[in-house]
Each structure stands twice: as structure tokens, then as C-alpha cells.
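K.L.:
Top to bottom, those sequences are chains A and B. So in our numbering, spot 201 of the first sequence is number 210, and the numbers just go up one at a time. So in our numbering, spot 181 of the second sequence is number 190, and the numbers just go up one at a time.
Be careful, since some hints might not be right.
[Stated by the list, open to error] Straight-line distance between alpha carbons at most 25 Å, and here's what the computed DSS-like set of lysine-lysine pairs gives: (1) K139(B) <-> K139(A); (2) K90(A) <-> K139(B); (3) K135(B) <-> K80(A); (4) K125(A) <-> K109(B); (5) K80(A) <-> K35(B); (6) K281(B) <-> K90(A); (7) K80(A) <-> K139(B); (8) K135(A) <-> K80(B); (9) K139(A) <-> K281(B); (10) K109(B) <-> K35(A); (11) K281(A) <-> K135(B); (12) K274(B) <-> K90(A); (13) K125(B) <-> K135(A); (14) K173(B) <-> K109(A); (15) K135(B) <-> K192(B); (16) K125(B) <-> K80(B); (17) K281(B) <-> K35(A); (18) K80(B) <-> K80(A).
In case anyone wonders, no lab produced these hints; they're calculated from the structure.
2 protein chains.
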Amino acid sequence: MGNLENYFINLFPSKHIGDDGAIIEKNLVVVQDGFFENVHFLRNWLSLDEVAYKAVAVNISDIYSMNGIPKYGLITIAIPKEFSKQELKLLYQGFSRASKDFQFEIIGGDTISNSKLDISITIIGKVRGKPILRSGAKQGDLIAYTGTLGNSKRDLEKLLSGRKIGRNSIFRKPKLNRDFIFKVAPYISSGLDISDGLFSELSHIANSSRVGFHLWKPIPKQIGCSGEEYQFLFTFPKRNRKRIESIGKSLNTKVTIFGEVTNRKRYINPCKPHHF
Amino acid sequence: MGNLENYFINLFPSKHIGDDGAIIEKNLVVVQDGFFENVHFLRNWLSLDEVAYKAVAVNISDIYSMNGIPKYGLITIAIPKEFSKQELKLLYQGFSRASKDFQFEIIGGDTISNSKLDISITIIGKVRGKPILRSGAKQGDLIAYTGTLGNSKRDLEKLLSGRKIGRNSIFRKPKLNRDFIFKVAPYISSGLDISDGLFSELSHIANSSRVGFHLWKPIPKQIGCSGEEYQFLFTFPKRNRKRIESIGKSLNTKVTIFGEVTNRKRYINPCKPHHF
């Protein structure tokens with residue numbers, strides 16, 4: 010949908026919309042993302058346990074990216090009428106495992122008898138100190154991302170062409186960068202998770218911070234347009250470079266510094282929307 | 010689905026689950042309910058503006074029933090791919106009107122390109138004083154509901170048989186009892202909104218309060234099994250009867266006192282699940 014989607018969201022005037030989550034009541038961060046069959050996944054791509062876990066993880070990624078600790082979760086789950094108790098148990102296992110791994114409590118939600126498996130999740134977290142926003146990037150800041158990008162797109166392409174992906178593919182189970190984000194939080198000027206792809210997230214920082222970018226080397230689309238990576242994209246003042254590199258080293262988190270923030274006030278995302 | 014639905018929800022251990030909403034951080038109340046096409050409504054039953062408004066209203070009803078004031082809303086909306094800008098505008102109008110009428114701010118959510126129109130909403134509210142729970146009913150308390158029950162079932166049956174319903178049907182636009190609930194809150198022992206039907210909600214009070222009921226007169230299924238009424242069901246100590254009746258009178262809210270709480274610890278809901 011792409012444009013219509015943006016059209017719809019932009020109808021809403023809230024000052025809260027624009028970051029990975031919304032800050033309320035001073036120190037709470039709230040996120041809500043859906044995970045829908047035939048939109049975000051096909052049923053034969055993931056086990057039910059993996060579907061439930063990933064539906065939670067993509068929301069937790071938003072909480073971490075805002076410098077938040079997840080506390081409470083609400084799960085609305087629309088379940089195909091023909092599901093067996095065994096299948097419900099698998100779903101439950103995924104949610105339960107996620108709630109343990111990410112240390113939040115499931116406090117409510119809704120269960121709906123539906124034609125397909127659609128999940129909508131809200132997570133409420135506590136902000137550790139200051140929230141990380143998209144709006145703080147300043148001219149002269151450096152820009153970096155964690156980990157390796159491109160694998161998610163490659164694996165999505167495999168799935169779309171009927172091939173299999175590995176058990177440990179990040180498409181199955183996103184790898185989140187909690188410790189790294191929490192440690193660099195005091196030293197960065199803006200940040201967000203890479204859910205729609207590097208180029209798309211750059212355009213979010215550009216819009217929110219009213220800046221542009223000078224990328225040191227051209228980045229291929231295979232990397233820049235790879236969505237659902239859940240790596241962390243961030244900007245920081247040059248003076249913090251050593252500190253950030255040393256945090257990356259100490260946590261074994263690869264940090265790729267790839268450009269500089271400029272005053273161009275514009276950035277155009279060259280990718281097509283990646284949902285099928 | 011009925012039983013499987015309960016089976017799934019009961020897998021979760023949280024102490025928060027069981028009331029209309031969950032209380033967190035001392036004075037916040039959080040609710041999440043879905044409003045799905047072909048589950049809660051058919052597209053030709055309601056205008057898009059009405060769909061959006063009702064999706065919000067059923068959540069607000071839960072907030073009021075917990076003695077809460079809505080503050081923030083998150084909307085995940087799955088939109089059919091073929092929707093036009095005009096159709097999106099109508100949806101937006103419904104959400105926007107609801108946000109004005111119920112005085113909360115839309116702070117986030119998600120937009121998904123889907124095969125049908127499915128909405129999942131989270132509302133976060135502030136509790137006014139003490140929350141209203143399902144667990145406070147005591148033996149000897151009286152039990153009452155607001156308004157008139159049965160119209161929603163009648164209108165649903167009309168729709169299911171291809172007939173039309175009136176413009177002001179509560180099936181189109183629930184009538185919520187905010188002022189009444191807020192005024193009686195200090196004088197009642199338990200309460201919740203009638204979303205699944207009177208009998209179903211009685212069983213919720215019975216389970217949470219570990220009580221039973223003596224109904225003064227038999228209540229026909231046409232009334233007791235009528236869901237989506239969004240009237241308020243509550244129990245209160247006998248000594249508060251006059252006060253509650255006078256609040257009802259002052260607000261022009263019909264109050265039907267229909268039975269007494271007993272120590273039977275059991276109540277069986279005789280209705281079939283009402284979703285089609």
C-alpha cells in the first residue's frame with residue numbers, strides 16, 4: 010500500500026506519532042504493531058511458536074530503540090476457526106517464551122475467531138532516563154548501524170521463491186540489540202530500529218530531525234532496502250565516536266559508521282515497499 | 010469458537026486478566042479489543058465512519074466500566090488493498106470523531122494492507138479514585154443493570170436476516186453510561202460493561218467474586234443473551250440502594266435491580282456465543 014498507508018497515518022495530528030513508540034506520563038513508552046498472516050508472514054514460513062514470538066519481538070524492538078524496558082503486554086489474536094488445541098498451545102508457547110525472554114507481563118488482550126491468523130500487540134515499557142527519538146540528529150553527527158544488513162531481504166526472497174531458510178535466520182527470530190542500545194543511549198543524538206529498511210529509516214530521521222545525509226560510499230539496495238532487520242540505526246556527535254566503538258567492541262556488536270548528517274533537510278528513500 | 014477462546018486466554022497466568030481492563034502503575038487502566046470484519050461486523054451493516062467509531066467505543070466502554078477516564082489510544086488498522094482515499098477519509102473521520110467525543114489522544118498504532126477491514130485498539134486511561142473490578146460482589150448485595158437490554162440482539166438478528174436497522178440503533182452506535190458509572194462508583198462493590206450479554210457478565214462476576222445469584226424473576230434469553238449492549242452491570246450493598254436509585258433518576262438513567270448476590274459460588278451462562 011505504501012502511499013495510502015502514509016496518507017492515512019498523516020491524517021492524525023498527534024505529536025506522539027513519528028517515533029518507534031509514544032512517550033506518555035513522562036516515563037512510559039507505548040508501541041503497537043500488528044503481525045498479520047499473508048501480510049507479514051505466510052503460514053508455511055514459520056512455526057506457530059515462531060509466529061507468536063516474532064509478533065512480540067518486533068514490538069520489543071521498538072521499546073528497546075526508544076531506550077525502554079518492556080513491562081506490560083496486551084495481545085489481540087485472531088485465530089483461524091479450524092485451529093486445534095495443539096495449535097493454540099504452540100501459539101501460547103511462543104507468547105509465553107517471548108514474555109519470559111523479554112521480561113514483561115501479559116496483562117490482557119482479546120481473542121477473535123477469524124479466517125486467518127492475525128496478531129496485534131501493544132507493549133508498554135519504562136523509559137530508562139531519556140527516550141531515544143528520531144528528531145535529535147544534528148549537522149556534523151556521524152551515522153551508524155549495528156550488525157549486518159541484507160540477510161533479511163535475502164531470506165525473504167528465498168521464501169518468496171519457495172526455498173527454505175535456516176533455522177537461525179533473523180527472519181525467523183530477530184536478534185535485538187538491547188544491551189548495546191542501553192549503553193550507547195546517553196551518547197547518541199537520534200536512533201530507531203531498522204524495521205522497514207535502512208533507507209526508509211534514514212528518511213524518518215531526515216524528516217523528524219530536518220536534516221540530510223552524506224553517505225561515504227554508495228549502499229546497494231540489497232542492504233539499504235532490507236526490511237525486518239531489527240538492527241539499530243543511530244546518529245551521534247563526532248566526539249563520542251571512540252566511546253561508541255568501544256561499547257560495540259565490549260559487547261561484540263559490529264558497528265558500521267557510514268556517513269555524516271548534513272543540513273540538506275531531505276532524503277529520498279529509493280526502495281519499494283517490501284511487503285508482498 | 011467460545012470454548013477454545015477461553016482455553017487460550019486461561020493459559021495466561023496474569024493476575025491482571027479477568028477485568029474489563031488491566032490496572033498498571035497504580036492508576037492507569039489499559040484495555041485492548043479488536044473489531045474485525047466478518048467477526049464483529051459485515052461491511053454492509055455499518056458505514057466506515059460507524060465501524061471506526063464503534064471500534065473505539067467498545068474499548069472506551071471498558072475504560073468507563075473500570076472507573077477510568079480515557080487518555081491515550083493506539084489504533085492498528087488492517088485496510089483492504091482496494092480502499093480508496095475517500096474510504097480512508099471516512100475511517101479517519103470515525104476515529105477522529107471518537108477521539109473528540111471521548112476526549113483521548115491518538116498516539117500511535119500501525120497500518121496494514123490486508124484482505125479485509127480489521128481494527129485493533131488499545132486505550133490507556135486514568136483511574137478516578139478506585140477502579141471498579143469484577144471481584145468485589147458480596148453475599149447480600151443487590152444486582153442491577155442500566156438502560157434497556159435486548160435491542161442489540163434484536164437488531165443483530167435483523168441484520169443477519171438481511172433486514173435494516175434504524176439510524177440510531179445502539180448496534181450502530183453504543184450508548185455509554187460514563188456519568189452514571191462515575192457517580193455510582195464509590196457506592197458499588199463490583200461492575201462491568203455488558204459486552205457479551207447479561208448472563209455472560211453475571212458468570213464473570215460469579216467467577217471473580219466467587220459468588221452466585223438469586224434472580225427475582227426469570228430473565229428471557231432475548232434479554233440475557235443480548236451482547237454488545239454496553240450497558241453497565243453492577244452489584245452494591247443494600248444500604249446504598251436509595252443513593253443509587255437517586256443517581257439514576259438525576260441522570261435519567263434507568264436502573265433495573267433484579268436480584269441478590271448469594272454464596273452459591275457458581276453461575277452457568279445459558280447463552281450460545283453470539284458472534285456469527
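K.L.:
The structure should be examined with respect to each hint, and the outcome stated for every one.
P.N.:
Hint-by-hint comparison with the structure:
| no. | hint | in the structure |
| --- | --- | --- |
| 1 | K139(B) <-> K139(A) | violated, 31 Å |
| 2 | K90(A) <-> K139(B) | violated, 39 Å |
| 3 | K135(B) <-> K80(A) | holds, 18 Å |
| 4 | K125(A) <-> K109(B) | violated, 33 Å |
| 5 | K80(A) <-> K35(B) | holds, 14 Å |
| 6 | K281(B) <-> K90(A) | holds, 16 Å |
| 7 | K80(A) <-> K139(B) | holds, 22 Å |
| 8 | K135(A) <-> K80(B) | holds, 18 Å |
| 9 | K139(A) <-> K281(B) | violated, 50 Å |
| 10 | K109(B) <-> K35(A) | holds, 23 Å |
| 11 | K281(A) <-> K135(B) | violated, 41 Å |
| 12 | K274(B) <-> K90(A) | violated, 32 Å |
| 13 | K125(B) <-> K135(A) | violated, 34 Å |
| 14 | K173(B) <-> K109(A) | violated, 49 Å |
| 15 | K135(B) <-> K192(B) | holds, 16 Å |
| 16 | K125(B) <-> K80(B) | violated, 29 Å |
| 17 | K281(B) <-> K35(A) | violated, 45 Å |
| 18 | K80(B) <-> K80(A) | holds, 19 Å |
In this structure, the hints that do not hold are numbers 1, 2, 4, 9, 11, 12, 13, 14, 16, 17, in rising order.
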